[in-house]
Amino acid sequence: MKNWLNVALPKGRLGEKVYQMFEKAGFPCPEIKEGNRKLIFENAEKKVRYFWVKPSDVAIYVERGAADIGVAGKDILLEYKPDVYELLDLKTGKCHMAVAAKNDFVDDRNRTLTVATKFTNIAKDYFAKQGRVIDVISLNGSIELAPILNLSDVIVDIVETGATLKANNLVVVEKFTPISARLIANKSSYNFKAQVIEELKSKLEEQTENI
Amino acid sequence: MIINENVLSKEEYLSYNLRELYLGFGFKQYKMSKFEEYDLYAKNKDFLVSNEVITFTDTDGRLLALKPDVTLSIIKNGKDETAEKLFYDEKVYRVDKGTKSFKEITQVGIENIGNISDEEVSKTLYLAMKSLEKASSDYILEITDLDIVSELLSCYNLSKPAQKEILKNLSSKNAFGVKSVCESEGLNEEEIAVITSLTKIFGSPKSVKNSLNSLKVGKSVKSAVERFEKIIENLYKLIPESDFEKIRIDFSVVEDLRYYNGIAFKGFILGAPNRVLSGGQYDNLMKKMNRTSKAIGFAVYIDELAKIRSKGDK
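Protein sequence lines, in the order shown, are assigned to chains A and B. The letter at position 66 of the first sequence is residue 66 when you use the numbering used here, and the numbering goes up by one with no holes. The letter at position 280 of the second sequence is residue 1280 when you use the numbering used here, and the numbering goes up by one with no holes.
Derived from the structure by calculation, the hints contain no laboratory data. For glycine and all other residues, C-beta sits at the position ideal for the given N, C-alpha and C. Check before you lean on any hint, since a few could be wrong.
[To be verified] From the derived model, a few chain B residues whose C-beta atoms are all more than 10 Å from chain A:
(1) 1164
(2) 1186
(3) 1292
[Unchecked claim] Derived lysine-lysine pairs resembling BS3-like cross-links, with alpha carbons at most 25 Å apart:
(4) 81(A) x 1100(B)
(5) 47(A) x 24(A)
(6) 1246(B) x 47(A)
(7) 175(A) x 1179(B)
(8) 129(A) x 1179(B)
(9) 46(A) x 33(A)
(10) 201(A) x 1206(B)
(11) 1134(B) x 1123(B)
Construct the entire structure; sequences and hints are all you get.
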């Protein structure tokens, strides 16, 4: 355990993209490409162990030390505020946190604004900064449905291209925080594996400079 | 009396060992009641690790609290005329981050109150290392100097909210974040480079010597860096050379500057995901509580140590 580097990657498209970057940085794990249903992949020669976890869980694995490092979206870091090091902006998985509403939405400041979102803390922070009283509806998916069914006035969600919004007759009211994938590290592990983590970080950094 | 080690739980065994260590260094045990007037904590809420306190009303109507912290009580009950070297082994009550409910935590620690010299600071660092050693030989002590950080921030005339943002980013080694705050404050490239270098300074005192030198941009920062170097040098004299590598200078150790100043440190042990020891100088807290003495102390989080899986698990 002492010499192995445990890496938590987010399952899905972003994770695969990020794995390519790790591979290029000199930490390959050929097993991973076989496309089976395994969750843990090891490269004994490089002493690196990858595992796929739900994107929103990466920060938990890292904070609790089950993974030494991981890749998590800035949205997750802002929402859960895990006590981890945020070592590098990988400049991939870029999108924005945004407020969106129906095409014909008119903001009535006399009423309490109802906000549907997966990111309740981010939504609360954002509207608190504007001195706005809101009612938060916490949903786990298909956020776009909420304003359509009049469950909420607006939604707070990540927007990449805006295609989903457009298809559902929704528009972006305001984009606020830019989001991208970040390399995070457990504060304790960093001390004991600093050399290898720093080596990986600088090789990843070289790759982000071209983006 | 001979103590049979097998009878003791891991937590008890550790706190027993630590108590023995502190007694040997001339510290006296401080025993306190489980309760304290709520007022004490209400006034210093931000000093507490978790803001929530268990309160109840005593038979005479006073509002009491189950103590969430020991340091505040020690400061409140001490007198400036007498220097005190105290250690404690107490239960405190805090909200657990995971379950969001109250939890009883065993905390062992020391407080050294009086006219604290730089030598005394070095000795406290030494004692922190000794404490970590009791739990495992695979430990690291991260040390920072908050005076260097705060002098550096104030010499560039950064606004208070910007300073706060920088400290937050510093604690997560987020160079990118520090840089973007500096840019929005209109600092020039050279100044930005100095401040962001704080996120990158990490390593043994010898390996960061040059980086520390490059921080000496003003008179006040220079004297803070020099004091820091002296404290580390003094610490070197107390420990065997084989332990030098266990010290890391790391500016990501950030504490609330309203309470802490000068040296701050955190201890880590291989296999424990969180810090198992944390401490520092807290002259600012003393001032806030109308005390003129200086103080330094640290706490060992026995519950974090007990979380470590025994060897062979992984």
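Structure-based check of all given hints:
Taking the minimum C-beta to C-beta distance to chain A, about 14 Å, the non-interface status of residue 1164(B) holds against the 10 Å cut. Under the 10 Å C-beta cut-off, the non-interface status given to residue 1186(B) relative to chain A holds; the minimum distance is some 21 Å. No Cβ of chain A approaches the Cβ of residue 1292(B) within 10 Å, the least distance being about 34 Å, so the stated non-interface status holds. Using a Cα cut-off of 25 Å, the hinted pair residue 81(A) and residue 1100(B) holds, with the two alpha carbons roughly 15 Å apart.
Restraint check for residue 47(A) and residue 24(A): satisfied, since their Cα atoms lie roughly 16 Å apart, inside the 25 Å limit. Restraint check: the Cα-Cα separation between residue 1246(B) and residue 47(A) comes to about 23 Å, which is no more than 25 Å; the hinted pair holds. Using a Cα cut-off of 25 Å, the hinted pair residue 175(A) and residue 1179(B) holds, with the two alpha carbons roughly 22 Å apart. For the hint linking residue 129(A) to residue 1179(B), the alpha-carbon distance of about 23 Å falls within 25 Å, and the restraint holds.
Restraint check for residue 46(A) and residue 33(A): satisfied, since their Cα atoms lie roughly 16 Å apart, inside the 25 Å limit. Distance hint between residue 201(A) and residue 1206(B) is fulfilled; the C-alpha atoms sit about 23 Å from each other, no more than 25 Å. For the suggested pair residue 1134(B) and residue 1123(B), the alpha carbons sit about 17 Å apart, so the restraint of at most 25 Å is met.
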